[in-house]
Amino acid sequence: MSVRLHHRITGEGRPLLLLHGLFGSLENLGGVNQRLQADWQIHGLDLRNHGRSPHTDSMDYPAMAEDVVAYLDQQGIDRACLLGHSMGGKIAMQVALTHPERVERLIVADIAPVTYRPRHDAILEGMKNLDLSTINSRGDADRALQDYVEIPEVRMFLLKNLIRVPADEKEDNPDSFRWRLNLPVIDACYQNLADAPEGEGPYDGPVLFIKGSDSAYIQRKHHERIKTLFPAARIEEIEGAGHWLHAEKPDEFARLCREFLTS
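In this text, residue positions in the sequence shown follow UniProt numbering: the first is 1, and each later residue adds one.
A few of these clues could be false.
Stated by the list, open to error - Calculated pairs, DSSO-like style, for lysine-lysine (alpha carbon to alpha carbon, straight line, at most 30 Å):
# : residue 1 : residue 2
1 : Lys128    : Lys160
2 : Lys221    : Lys249
3 : Lys227    : Lys249
4 : Lys249    : Lys160
FYI, nobody ran anything at the bench for these hints, they're computed from the structure.
Using the sequences provided together with the hints, build the complete structure.
Structure (structure tokens):
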């Protein structure tokens, strides 16, 4: 059953939906939003169990794609361009494969339509083991996560999900902080999120895959699968960027998106 996604709409023009990655929220693609909103109506979405969207007991790509299609229906949008990063890219591919008539153009940022080996075990372990009863500040949380997550920027990204417990909830929750995302369900459903999108396709519409040169998420061995499911796809690479290419090289990323969307 689909859920009603929290969203933010900015700009004017043809609709472009932005779908964030795992542990993220619509704020993560804010730089893309700022650079494209002059020419497109940008719909930033919080995906289920993330951000301010509802929590559910399950997560997989068919269900999350139906959330996006339900959002299009709620907004009265027949067809839209989709841009998804990482997990959001898999959701965007799932929408295109199962509802091709709703997708005008598709941009997939640094992810392939394949099943990956688990890559977030340490992150999940660190977040689950964070004793919220001992956390009085984000600095406390950052120090507690250091044993699990070495890179400070990754910890900063994860801790955007840590929010203060409102005063009116203190009686029921003595902790000062709580996770905004649905950590237990994300952990339980992690294999679903590592899996490939479902559907044999193909989606024949225009597709742009953007890869960070320093990232291993899109490899040469994945190209055949990409072309099978998305025969009109082309793959562009941003030099000097990793998996967070839209944040590391925002102007170059936006330029590639703009050229593709207007071609």
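Okay, the hints, checked on the actual structure:
Among the hinted pairs, Lys128 with Lys160 is consistent with the structure: their alpha-carbon atoms are about 15 Å apart, no more than 30 Å. Of the supplied pair hints, the one linking Lys221 and Lys249 holds, its CA atoms being roughly 25 Å apart against a limit of 30 Å. Note on Lys227 and Lys249: the hinted pairing holds, with a Cα-Cα distance of about 26 Å set against a maximum of 30 Å. At roughly 21 Å between alpha-carbon atoms, Lys249 and Lys160 fall within 30 Å of each other, so this suggested pair holds.
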